[in-house]
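We have chain A; now place chain B onto it with these hints.
First to last, the protein sequences are chains A and B. Residue 166 in my numbering sits at position 166 of the first sequence; the count goes up by one each step and never skips. Residue 204 in my numbering sits at position 204 of the second sequence; the count goes up by one each step and never skips.
Everything labelled a hint here was simulated from the structure, so no lab data went into it. Keep in mind it's a predicted model, so treat the numbers as computed, not measured. Among the hints, a few may not be true.
Stated by the list, open to error - Simulated pairs of lysine-lysine, BS3-like, Cα-Cα distance not exceeding 30 Å:
#1 A:K65 - B:K89
#2 B:K189 - B:K132
#3 B:K63 - B:K141
#4 B:K141 - B:K189
#5 B:K141 - B:K69
#6 A:K65 - B:K69
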Amino acid sequence: MRFTRTGLVTVLLVVAALFVGSWLTQYLPNPDDFRDDPFPVAGAVGEPVRLRNSEFTLTKVQAAKRYEAFRQVAATDGVFVIVDFTFVPLTEPGILAGSQNEVRATDGRVFGGSPPLPSNCGPTNPGLPVTCQIPFEVPSDALVGLVLAIPAENGSHSRDNVTEIDLGITPEVAEQFAATDAQVSIHSSRPVER
Amino acid sequence: MAEHTPERAKSRLEPWRKRYALVSDILTPQRIGLLLAVALLGVVALAGGWQAVEGVEGPETPKVAVGEKIVATPMEVTVRRARHVEELKPSLPRADGYRYLVVSLDLTLRHERYVSGVELAPAISLDAAGLKTTPLRSGPKINDPSLLRGLDGLPARTYQPGLATSTIVVWQQALTEPIPTEVTITFAKQTWRQSVLDGGWGWYDPAPVARVTLPLEELDAPA
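Same shape as in the complex, but just chain A (with noise of 0.2 Å):
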């Protein structure tokens, strides 16, 4: 085999080609960057939400530094963010477990999981709705604009409709729930009185 002058530049001019070429597709859009993004329905405190397959209106949100829930009493370093809503599946019998919801704080971090004392969301056939209460844990740095993440499916964050209904936590707000030493008994989930 012989090396000449075109075919050493025909080689470089090829690989030049194939590091650009590598080098731009960075900044393309990548499918996995949103494939398990979230279909997010945004709302406020008061407004209905509606996902595919149920509704929640977030009523009241308060906080506490204890909370009692079947006689026991859960206390924290930081502040339980106790939010109050009804919930009314549209199409079959729904329950949303109290470890499947989460709140976003501004920063990107997320907060949720199990809370020390379990509170779940129904069961409760469609059109029959419940109030319910469930806590968040948080640390007082993250209360101002936190949001309220319900998904469609329990434990389904992703390629799903998911609740993004604002706190309506301001700095003021912030303020008065860090300095709390309330203690709040949260009641179990029950039919909304007509």
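Only chain B this time, still in chain A's reference frame:
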């Protein structure tokens, strides 16, 4: 016209080439590679086998003083005290044949998402004889510690990002063992990766990063 073909200079490898030509139909390059691989396995076997590597101790885990901050990804931990007790109601009921060894510490999660206590527990281990084990096919395995919340004594089901949580780490030790005067607790960093079994993301592969030796006191001792 007389022609002249220059004679090619003899390579110094020529004698070896001739010798190899005699056996080249048997000793093909693939077979030579195979023989070398077999020889390598033989040497490894004579040296004790691959298993021997597991017994080789890595670099010693650094010692850290009580009260000093330890970063063991995704945790940041400060160890406070170690105590022993046979019963502490309602969180630690009396257990037949076992006492509790408890270490109190502050644990802050340094990850952007909440993590369950069950995922963090394998990263904390205690050096003490007679700890409760679970029988497995591969032999008895020391149980991961239970994590309790220091403020309310409830199980620490979840740790939230950036929230310093006072925590009680609990092991069970057989009553037949003498109560140690001091214990060493080791913290391991973990790696956030996808499971090869189910594809789910989690914290795996604990690797020790720090150990703390502290006296073991009776739980009734004044704080």
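Structure-based check of all given hints:
1. In summary, the hint linking K65 (chain A) to K89 (chain B) is supported, as the alpha carbons are separated by about 23 Å, within the 30 Å threshold.
2. For a cut-off of 30 Å, the pair hint linking K189 (chain B) to K132 (chain B) stands: about 23 Å separates their Cα positions.
3. Restraint check for K63 (chain B) and K141 (chain B): the C-alpha separation of about 25 Å stays at or below 30 Å, so the hint holds.
4. Using a Cα cut-off of 30 Å, the hinted pair K141 (chain B) and K189 (chain B) holds, with the two alpha carbons roughly 20 Å apart.
5. For the hint pairing K141 (chain B) with K69 (chain B), the CA-to-CA distance comes to about 29 Å; that is within 30 Å, so the pair holds.
6. As the CA atoms of K65 (chain A) and K69 (chain B) are separated by approximately 26 Å, the hinted pair is consistent with the 30 Å bound.
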